[in-house]
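Student: Residue strings, one per chain:
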Amino acid sequence: RKEVEQDPGPFNVPEGATVAFNCTYSNSASQSFFWYRQDCRKEPKLLMSVYSSGNEDGRFTAQLNRASQYISLLIRDSKLSDSATYLCVVSNQGGTYKYIFGTGTRLKVLA
Amino acid sequence: GAGVSQSPSNKVTEKGKDVELRCDPISGHTALYWYRQSLGQGLEFLIYFQGNSAPDKSGLPSDRFSAERTGGSVSTLTIQRTQQEDSAVYLCASSLEGPPQYFGPGTRLTVT
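Protein sequences appear in the order of chains P and R.
Throughout, the working numbering is defined as the position within the first sequence, counted from one, plus 15.
Throughout, the working numbering is defined as the position within the second sequence, counted from one, plus 4.
Since the hints were derived computationally from the structure, they do not count as laboratory data.
Please note that a few of the clues may not be correct.
To be verified - BS3-like mimics (lysine-lysine), calculated; alpha carbons at most 30 Å apart, straight line:
id: 1; chain 1: P; residue 1: 60; chain 2: R; residue 2: 15
id: 2; chain 1: R; residue 1: 19; chain 2: P; residue 2: 57
id: 3; chain 1: R; residue 1: 61; chain 2: R; residue 2: 21
id: 4; chain 1: R; residue 1: 21; chain 2: P; residue 2: 123
id: 5; chain 1: P; residue 1: 123; chain 2: R; residue 2: 19
id: 6; chain 1: P; residue 1: 94; chain 2: R; residue 2: 15
id: 7; chain 1: P; residue 1: 113; chain 2: R; residue 2: 61
id: 8; chain 1: P; residue 1: 60; chain 2: R; residue 2: 61
id: 9; chain 1: P; residue 1: 57; chain 2: P; residue 2: 113
id: 10; chain 1: R; residue 1: 21; chain 2: P; residue 2: 57
id: 11; chain 1: P; residue 1: 94; chain 2: R; residue 2: 61
To be verified - Derived list of chain P stretches under chain R, where covered just means 3 residues or more per stretch with a C-beta under 8 Å from a C-beta of chain R:
id: 12; region: 29-40
id: 13; region: 47-58
id: 14; region: 79-85
Note that the structure is predicted; figures quoted are calculated from it, not measured.
Backbone N, C-alpha and C fix where the C-beta goes; we use that ideal spot for every residue, glycine too.
Input sequences plus hints: build the corresponding full structure.
Tutor: Right, here's the structure in full:
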């Protein structure tokens, strides 16, 4: 089983829609969780951290479910500019700071 | 200020040759990461440097791969006797602490 798994998509949604992605992780001792976005043929960019109580940044909401070992990203009022691949990142245990990237979920927001 | 820079941006090399990839992190960032990304794949962790601590080399795929970080700043990733499966985009990232915060544009390596 992969350490971090994501549905590759693509998720095709109309502008203004709400869309959510999940990401599952296998190591129950994982400490930290993040979402990145990666535009085509560009480097990844840190989007937001994921906190235990859930957190929001504008139209983006991230949640963590430790019991089921998944994190989620919800995007409200999708914009064309949200089209990208969203990467889930999980840190391993023990503080050695090896951040494991998922293969990403591709989102296409359609006009 | 300047972000993370990497050089070269593209490198085509023949199988069996050695290559050196360079990363200039953001000034003052003590954490430096190397990842590689093959076409359509996720990022694969290679190595992590944090300050003066011993690097975490657990992601290096073989002993043909090595990396150095001189003076806590510039890092060089060296691949000896390159193989076709080494073809990928090699990404460097830096941060003060925590996750890789700023990525460089990457070096696209093609081994023919």
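Student: None of the hints should be skipped; say for each whether it holds.
Tutor: Structure-based check of all given hints:
no.: 1; hint: 60(P) - 15(R); in the structure: holds, 23 Å
no.: 2; hint: 19(R) - 57(P); in the structure: holds, 26 Å
no.: 3; hint: 61(R) - 21(R); in the structure: holds, 22 Å
no.: 4; hint: 21(R) - 123(P); in the structure: violated, 40 Å
no.: 5; hint: 123(P) - 19(R); in the structure: violated, 37 Å
no.: 6; hint: 94(P) - 15(R); in the structure: violated, 36 Å
no.: 7; hint: 113(P) - 61(R); in the structure: holds, 10 Å
no.: 8; hint: 60(P) - 61(R); in the structure: holds, 23 Å
no.: 9; hint: 57(P) - 113(P); in the structure: holds, 22 Å
no.: 10; hint: 21(R) - 57(P); in the structure: holds, 27 Å
no.: 11; hint: 94(P) - 61(R); in the structure: violated, 40 Å
no.: 12; hint: 29-40; in the structure: violated (count 0)
no.: 13; hint: 47-58; in the structure: holds (count 4)
no.: 14; hint: 79-85; in the structure: violated (count 0)
Against the hints set out earlier in the document, violations occur for numbers 4, 5, 6, 11, 12 and 14.
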